[in-house]
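Assemble chain R onto chain P, guided by the hints.
For reference, the chains in residue letters:
Protein chains: 2
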Amino acid sequence: MFESAEIGHKISKTAYREAVPALRAALLEAQAGLQESGKIPVVVLISGQDGAGKGETINVLYEWMDPRFISTLAFAEPTDEERERPPVWRYWRSLPAKGRVGIFAGSWYSDPIRQRILSEISMKELDARADQINRFEAMLVNEGALVLKFWFHLTKEGQKKRLKALESDPRTAWRVTKWNWDRLKTYDQLQDVAGHLLRMTNTPWAPWVVVEGTDDRYRSLTVGQIVLEALKEKLASTDKQESPVAPMVRVDTDGRNVLSELDLKLKLTDKPYERELAQWQGRLSELVRDARFKGRSLVCAFEGADAAGKGGAIRRMGAALDARQYQVFPVAAPTEEERAQPYLWRFWRHVPRLGHVAIFDRTWYGRVLVERVEGYCSENDWLRAYTEINDFEHELADAGVIVVKFWLQITQEEQLRRFKEREEIEFKRFKITQEDWRNREKWGAYQQAVCDMVERTSTGNAPWTLVEANDKNYARVKILRTLCERMEAELDGRQAPGAEGRAKKWGKSAKRGKSDAKYAAI
Amino acid sequence: MFESAEIGHKISKTAYREAVPALRAALLEAQAGLQESGKIPVVVLISGQDGAGKGETINVLYEWMDPRFISTLAFAEPTDEERERPPVWRYWRSLPAKGRVGIFAGSWYSDPIRQRILSEISMKELDARADQINRFEAMLVNEGALVLKFWFHLTKEGQKKRLKALESDPRTAWRVTKWNWDRLKTYDQLQDVAGHLLRMTNTPWAPWVVVEGTDDRYRSLTVGQIVLEALKEKLASTDKQESPVAPMVRVDTDGRNVLSELDLKLKLTDKPYERELAQWQGRLSELVRDARFKGRSLVCAFEGADAAGKGGAIRRMGAALDARQYQVFPVAAPTEEERAQPYLWRFWRHVPRLGHVAIFDRTWYGRVLVERVEGYCSENDWLRAYTEINDFEHELADAGVIVVKFWLQITQEEQLRRFKEREEIEFKRFKITQEDWRNREKWGAYQQAVCDMVERTSTGNAPWTLVEANDKNYARVKILRTLCERMEAELDGRQAPGAEGRAKKWGKSAKRGKSDAKYAAI
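Protein chains in written order, with this note's numbering: chain P, 1 to 522; chain R, 1 to 522.
No lab work stands behind these hints, which were simulated from the structure alone. Beta carbons are placed, not taken as given, at the ideal position from N, Cα and C, and that holds for glycine. Honestly, I wouldn't trust all of these hints.
[What the hints assert, rightly or not] Covered stretches of chain P, going by a simulated chain R footprint (3 or more residues, C-beta under 8 Å): (1) 49–62; (2) 75–83; (3) 313–321; (4) 331–339.
[Unchecked claim] Here are the simulated DSS-like pairs of lysine-lysine, each with C-alpha atoms no more than 30 Å apart in a straight line: (5) Lys13(R) <-> Lys271(P); (6) Lys185(P) <-> Lys156(P); (7) Lys164(P) <-> Lys13(P); (8) Lys10(R) <-> Lys161(R); (9) Lys98(P) <-> Lys39(R); (10) Lys294(P) <-> Lys164(R); (11) Lys232(P) <-> Lys420(R); (12) Lys267(P) <-> Lys420(P); (13) Lys232(R) <-> Lys294(P); (14) Lys420(P) <-> Lys232(R).
Chain P on its own, in the form it takes in the complex (with noise of 0.2 Å):
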């Protein structure tokens, strides 16, 4: 992986000097056309050993392309709102809009390779992070972005010279703490853990350069030419790069799913609802006041068809929390900033804090659902959301977010009856619009998308529960008791996060109080 990093490359002052006018027209170019697109985010990660010009990298390219339209991220002790979320939440708030540059001077390598050094997770959980870390890497792609990705390289003779040099000039000499110096001893070790983190995660959408570190001149005119040449790649590529996908296959032999076995006549009178509705809410607000639950967090996605009973289920649920507590999130259009970033990243951006509750009316089960049906989003799009949307579920539970997903389900006669209804009562305010009429035309369709995302996405840490709502009584109780017991396994420890889950929350050296030269970018 890094040998090629080793036989001393250098530029000389005179070639550099010819050189650099012209890249940097180049990448101003590219970066204008970068924006009038409009379309690529571009993730630059800047990586590797102490003293091999991370920072100084991060400042030629500020001083080569405009500095408008670049962010650097610097990942330093996570903030409590950050440490409060899942380790990847960090990073998906720092995500550049399309148009626009975002430098990461650390990155979700960072972590698992501190923790792998410290011992903290083993191999095979540091096996499991690249996994992860590819998919989210795939994910950005897919959804347009240019990824790359630099390590910059010394030998241990070669940093130490770096160390050295920087130490005795006064203008770097600030840099250079004992903590670097320390570094250096566990050189053999980062090699180690890089190296091998490095080659899980050199995939074709996103390879890994490494670039030798000791020569400046070297290193900033490669990453240079690097970028730019990636810039031009991805605006002249006309055609859209994405994974591939297997088209959806089904087995319909006897016409029956697990729609059809729900026994949607299932109903409960007023008398043993309201006894119950109290009760559910009763233990409902006990759990979410629950020593324990101070140290998790809950989301709570509805979906259903029209006049499937959500907002009710929502309130009934609402009424057994305080409002300090929990946010309601009813998913519309997306908003420019939103509609600038990945699918989930406004999913993301609302995930609770610990001991707060997050309820989404409609959710990211939206691209798979209504914009797989009315054809709003390509069918690539659509069939790799069912792995992304895993993905996101299992970094949520991962971290301890109890993820709790209904799906209401009524009759088409059910539904036609509810509008009219709808229609009379005046201060409901319900406007029944043609979309909604034309909706109902594609009941099939729909009926055959949610099958299909049961079946892809009820997973262990994250499982359906199908909900039959032709009565609404019977709807809220099933609703408030299923909440109830998920909770009460959780808190039980009874569908803890395994093994590999509790590994990927904050590491030890995430606690409080620590030096930030721990959260140093590797």
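Showing chain R alone in chain P's frame:
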């Protein structure tokens, strides 16, 4: 202030049951109107004595309204991301978007009240806060918000009774802690401080509503009806409600002004330029690494006509900084999410953390420059913006943010020369649009707007530096030198925030590790 809330208001169960259905229907109707109009953010403050029913009332509002369009913001212990910014930052980031309701459980009143009770601030400082709050709320109202401020009152005897009642009911006992009982001891103090602050902030545009908290039904019904009436009034009033503004009056008896007095012939030849540039860049890079800067932050504002050299100056400044420490924000048209907020929101969101630098390429002064001249906002909007901007910068400066502002002045001839030059140099890809040419026709109007801006917003904490920018060398060196000198003065404490300022930072009680209870809503 509290007299009418001590007369023992009560609503019978029957009267309550009769009133609620119609009230709820009307509230839902009004809320739907709110969303349809999409113009009004609703800010509801719920404050008052412990045990006076703050939490209950919020929950009742959720029950009666559509919770999908309400957010409740509880301000417990500030997170470190909040602590590293001016105290009001956490409220700005929580403001509801247009069409939504934001309920504040705890608000900008909580800190002043708490700090005064703990004697951390003097009465005079409390009054200064009241003034600031009044201006902040006036800004909200001027920007179209409906601001409803509720204070739930209990007599001392009444509070004791309520706490006992809550404690004896197993469903609510958990809510009463030793801390609540302790607070009862400071009842008189709270009454005094809150009474004073409420009177000071009982403005025509955002008056207080004091509600007796003893009887749940009375309190709920009162709040519900007030919210309803206020919503209906606001939705019905088609004329914009705005603070009066005086027209811009100007003395121009001799044709001289701050811009005409600038000597635009000032020049610096290349040799001394390079030497001085290197010198000040070196100094700047030391200053931002200075240990004393770790507790401060820097906001740099660049304004100037097109082609005045803002971009070039920013690049020279950036060259002295570590990319991980600063970010450049080019200010263009606001995004959809920004348009749903008060004007200054999109600048508040980029206020840097401690030890960090934010550089704005065009700024919040857009309102009194381009928006004023081009008529993108009403006269009232830009006339009141001067005060709002001063308040914004005052909040920053008070919290230790160093605010440095540059206006780059060039002649019309120089601008023309640069436009033509740009068109020729292909790689710069600057497009001189029709708009650019049109802007030149309004040169005089822009110059006048700049003079007014400097006159009204050059404050002790955040003075304007006018830069003679016909010669780029001269301008860049002046900018860097000014910046360094200003930072030196600030770090040496020669321009440190005054006593009033220091008090406005996070109070002593805002230290980490203290119980959340300290931050319970007042």
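Now the hints, each set against the structure:
| no. | hint | in the structure |
| --- | --- | --- |
| 1 | 49–62 | holds (count 5) |
| 2 | 75–83 | holds (count 3) |
| 3 | 313–321 | holds (count 4) |
| 4 | 331–339 | holds (count 3) |
| 5 | Lys13(R) <-> Lys271(P) | 22 Å, holds |
| 6 | Lys185(P) <-> Lys156(P) | 9 Å, holds |
| 7 | Lys164(P) <-> Lys13(P) | 22 Å, holds |
| 8 | Lys10(R) <-> Lys161(R) | 16 Å, holds |
| 9 | Lys98(P) <-> Lys39(R) | 28 Å, holds |
| 10 | Lys294(P) <-> Lys164(R) | 26 Å, holds |
| 11 | Lys232(P) <-> Lys420(R) | 28 Å, holds |
| 12 | Lys267(P) <-> Lys420(P) | 21 Å, holds |
| 13 | Lys232(R) <-> Lys294(P) | 40 Å, violated |
| 14 | Lys420(P) <-> Lys232(R) | 28 Å, holds |
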